[in-house]
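Under numbering that gives the first Met the number 0, the residue at position 88 of the sequence shown is numbered 87, and the numbers go up by one with no gaps.
Hint data in this document are derived by calculation from the structure and do not stem from the laboratory.
Certain hints may be false.
What follows is a set of in silico ranges between Cβ atoms, one per label pair, in the way DEER data are often shown [said to hold, decoys possible]: (1) Arg171 x Leu47: 50 to 58 Å; (2) Ala55 x Met76: 41 to 49 Å; (3) Ile51 x Glu88: 52 to 60 Å; (4) Glu85 x Val56: 41 to 49 Å; (5) Ile63 x Ile91: 38 to 46 Å; (6) Val56 x Glu89: 48 to 56 Å; (7) Phe40 x Gly116: 56 to 64 Å; (8) Ile51 x Gln81: 40 to 48 Å; (9) Glu74 x Ile111: 21 to 29 Å; (10) Met76 x Thr113: 17 to 25 Å; (11) Glu89 x Leu59: 15 to 23 Å.
Using N, Cα and C, we set each Cβ at its ideal position, and we do this for glycine too.
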Amino acid sequence: MGNAQLFGCSLQDGYGDSLHRKDHLLKNRSTVFKKVQIDGFTLIEVILTIIIISIAVLTLVSSISFTTSRGLNAEVMSTAQQLAQERMEELIARKRASGYGFSPDLDIGTTIVTLTGAFASYTRTVEICNVDAALGGPDCAAPDNGSGYKRITVEVNYTQGLPNLPTDDLVRLITVVTNVTE
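Kindly generate the complete structure, drawing on both the sequences and the hints.
Now the structure itself:
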């Protein structure tokens, strides 16, 4: 197959001389090349662009979501810490203000309270137990051994589930008090 047949021209087309044949070949060749040139984007380019933009958007959205949840977790943790500290200070202040060894609030036992109002999502647990000073630590002793030491544990939990929050006690404060008057 010759060049003339390749570009849609033959010697019988009336282009007997070589000059006319070359013009006809050049004209047909430019038409072939024009058909190969494509204006706009190919489907592959569009698909790759969509994939790259999707990955970028997903990364951005996940980082914003993570940052928002961490900010909310910090607020919950801070509030829980303040609620625990409030109750601990209240118990110690009542003991000191009562004028005698232990106030009734420091009776042995565990109290669980679901808070109300703006703090309805929190529960606060207060545990008061006797401590055996001979054991050298704040572990609870079953009966009152007369040591005069009591351990106060205040725990605050957040009852509504949030991502990245521990499932156990959110905040736990522990202190040991004695009946020594100041």
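Results of checking the hints against the structure:
| no. | hint | result |
| --- | --- | --- |
| 1 | Arg171 x Leu47: 50 to 58 Å | holds, 53 Å |
| 2 | Ala55 x Met76: 41 to 49 Å | violated, 32 Å |
| 3 | Ile51 x Glu88: 52 to 60 Å | holds, 56 Å |
| 4 | Glu85 x Val56: 41 to 49 Å | holds, 44 Å |
| 5 | Ile63 x Ile91: 38 to 46 Å | holds, 43 Å |
| 6 | Val56 x Glu89: 48 to 56 Å | holds, 50 Å |
| 7 | Phe40 x Gly116: 56 to 64 Å | holds, 59 Å |
| 8 | Ile51 x Gln81: 40 to 48 Å | holds, 46 Å |
| 9 | Glu74 x Ile111: 21 to 29 Å | holds, 23 Å |
| 10 | Met76 x Thr113: 17 to 25 Å | holds, 19 Å |
| 11 | Glu89 x Leu59: 15 to 23 Å | violated, 46 Å |
Hint violations for this structure: numbers 2, 11, all remaining hints satisfied.
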